[in-house]
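Now that you have both chains on their own, put them together as the hints suggest.
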Amino acid sequence: MNDFGLAKVWVYLAASPLLHLFATLLAFIVASRINRWAGRTPLLHPVIVAIALLIGFLFLTDTDYTTYFEGAQFLHFLLGPATVALAIPLYDHRERVRRMLWPIVVGTLTGVVTAVISAVGIAMILGAGPETVLSLAPKSVTSPIAMGVAEKIGGIPSLTAGLVLLTGVVGCIVGPWIFRLTRITDPTIQGYSMGLAAHGFGTAYCFASIGSVAGAFSGLAMGTSGLVTAFILPPIVHLFGL
Amino acid sequence: MGLIIGMSILLGCQFLGEIISRALALPVPGPVLGMLILLIGLITRGSVPGSLRTMGEGLLKYLTLLFVPAGVGLIQHFGLIGREIGILIITLIVSTSVTLLVTSQILQRVAKKATSSREGDA
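Line by line, the protein sequences give chains D and G.
Take the first sequence: its letter number 126 is residue 125 in numbering that gives the first Met the number 0, and every next letter is one higher.
Take the second sequence: its letter number 100 is residue 99 in numbering that gives the first Met the number 0, and every next letter is one higher.
In isolation and in its complexed conformation, chain G is listed as follows (with noise of 0.2 Å):
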C-alpha cells in the first residue's frame, strides 16, 4: 500500500500543478509547480512521510532512465543536427564552460564575504 499512497502523493502534486499551469497559463511546466506544492507541503507538515520517500527516492534513483526514451528522439532531428552540428558543440561547451566558471567564482566570493562579515560581527 506503501508505493500507492506515495504514487498518489506525487501524481496528485502534479495534477495540481498542471491545473494551476493551464488555468493561469503559466510558462512554467506543471510538474514544476507540483514540486513546489510538495515542498510547501512537506515544510507545512515538517516531515517525509515514509511511502512518499520510498516511492520518491526510487523514482530519482533511476532518474536516468527515465531520459532514455525522449533521448532517442534525436533520431527525428538528425537532419537539424547535421546542419546544426558545429554551433551545437561549440554553443554546449563554451556555454556550459562558462556556466561553471561564473557560478564557481561568484559562489566562492560570496561565500567569502559572507563568512568575514559574520566574523566581523563577533
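Chain D extracted, bound-state conformation (with noise of 0.2 Å):
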C-alpha cells in the first residue's frame, strides 16, 4: 500500500516540471557549499559539480534529458535576457574602454582570431568530426552567446555548453601560470586575457583572485569578445571549410 503510494507519487513528480527545476536550483546550492568547503578550486567549480551531480541523479532515477529539460528550461530561459544584460558591465565600462580602445581593438580582434582558429585547426588536425570541430568553435565565450552561435555555424549547443564550461575551467587552472613565465603583471592586462579566453570563469577569478581593476576588464573582454565572436566566427569557420 505504501509502496503503491510512493509509486504514485514518483509518476506525478517525473512528469511535472518542478521536479527538475528543484532539483537544479538544489545541486547548485549543495555544489556552492562544496567549492566553499574544497577553498573554492576551479576543478571543483560550483557549475561542473552541480551539472555532475545531476547528471548522476538522472542515471540513478534512469530520466532523459528531453524530461529533465522541460523543469529545467525555465532557467535556461533566462540565458537570453542574461546576455543582454551584457550591456550593462560594457555601459559602465565605457570610459575606461574609450581610453584603452586602441589595444582593446587589436587584442580583442587578435585574441578571438586565435582562440577560433586554434581550436578548430588543433581539432582538425587530430581528426575530430565536424560536428565536434564546429562544437569546439566557440568554446572561449560566455555560454549563452556559443551557443547561439553553435547553433547558428551547425555545431551541437549542448556539447558547446559543456566544452565551454570545462574551457573556464582550464583557462582558471594554465592562466595564472602563464602570467608567471611571460611575467605579466598588469591587472589590466592579466583580467582582459582571462576574460577572453576563459570568459564568465575568467572573470570570477579574477575577482576573486587578481583584483577588482582585473575582474572588471575580464568582465568587460567577456562582453566584446562575445560580440567580435558572434560576427567573426562563421566567416572563419568558412574558410575551413566546415
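Fair warning: there could be bad hints in the mix.
Take a look, some chain D residues computed to stay more than 12 Å from chain G by CB distance [what the hints assert, rightly or not]:
1) Leu5
2) Val8
3) Ser15
4) Ile33
5) Val169
Chain D stretches covered by chain G per the calculated footprint, using a threshold of three residues with CB under 8 Å from any CB of chain G [claimed, not checked]:
6) 64-71
7) 81-94
8) 120-128
9) 133-143
10) 158-165
11) 189-198
Estimated spans, in silico, between C-beta atoms of each pair [said to hold, decoys possible]:
12) D:Phe73 with G:Gly1: 15 to 23 Å
13) G:Phe14 with D:Gly210: 31 to 39 Å
14) D:Ala51 with G:Ser115: 46 to 54 Å
Just so you know, the hints here were simulated from the structure itself, not pulled from any lab data.
Note that this is a predicted model, so its numbers are computed, not measured.
All C-beta atoms in this analysis are idealised placements derived from N, C-alpha and C, irrespective of residue type, glycine included.
Have a look at this one:
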C-alpha cells in the first residue's frame, strides 16, 4: 500500500517540471557548498559539480534529458535576457574602453581569431568529426553567446555548453601560470586576457584572486569578445571549409 | 514594478534582436543583437535606469546557475565525448593556453606602444 503510494507520487513528480527545476537549484546550492569547502578551487567549480550531481541523479532515476529539460528550461530561458544584460557592464566601463580603445580593438581581434583558429585547427589536425569541430569553435566565449553561435553554424549547442565550461576551468588553471612565466603583471592585461579566453569563469577568478580592476577588465573582455566572436566566427569557420 | 520594467526592457531588446536576426538571416544570435541594441540605447540615454540595473545585475550575478541545464545536456553526448575525449582535452588545453598567451602579449605590446607614443607627443 505504502509502496504503491510512493510510486504514484514518483509518477506525478517525474512528469511535472517542478521536480527537475527544484533539483537543479538544490544541486547548485550543494555544489556551491562543496566548492567553498574545497577552498574555491576552479577544478570543483559549482557549475561543474552541479552538472555532475544532476547527471548522476538522472542516471539513478533513469530519466532522459528531454524530461529533465522540461523543468530546467525555465532557468535556461533566462540566458537570453542575461546576454542582453551584458550591455550594462559594457556601458559602465565605456570610459575605460575609450581610454584603452586601440589596445582593446587589436587585442580583442587577435585574441578571438587565435581562439577560433587554434580550436578549429587543432581539433581538425587531431581528426575530430565536423560536429565536434563546430561545437569547439566558440568555446572561449560566454555560454549563451557560444550556444547561439554553435546553433547557427551547425554545432551541437549542448555539447558547446559543456566545452565552454571546461574551457573556463582550463583557463583558470593555466592562466596564472602563463602570466608568471611570461612576466605579465599588469592587472588590466591579466584580466582582459582571462575574460577573452575563459569568459565568466575567468572573470570570477579575476575578482576572487587578482583584484577588482582585473575583474572589471575581464568582464569587459567577456562582453566584447562575445560580440566580436558572434560576428567573425561564422566567416572564419567558413574558411576552413566547414 | 521595478523588476517587471527591467525584465521588459531586457526581453524587448532580445525580441527586437531575434526579429532582426531572423528577418535578415544573420549568423549572429538574437540575444547578442539585443545586447547591442540595449548598449546603443544606454549610450543614447546616458544612464542605466534603476529598474534595468536591478534586474540585469541580478541575472548576471547568478549567470553561472543558468549554464547548468545546458551543461547537463552533456549526458546526451557521452558517446561522442567517449570517442573523441583525447582530442577534446588536448584542443581545450592547447587552444586556451595559446589564446591566453597571444592575447596578453599583444595587449602588452600595443598598450606599451600607445603609452610611449603619447609620451612622445607631449
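To test your reading of the hints: which numbers does this structure violate? 5
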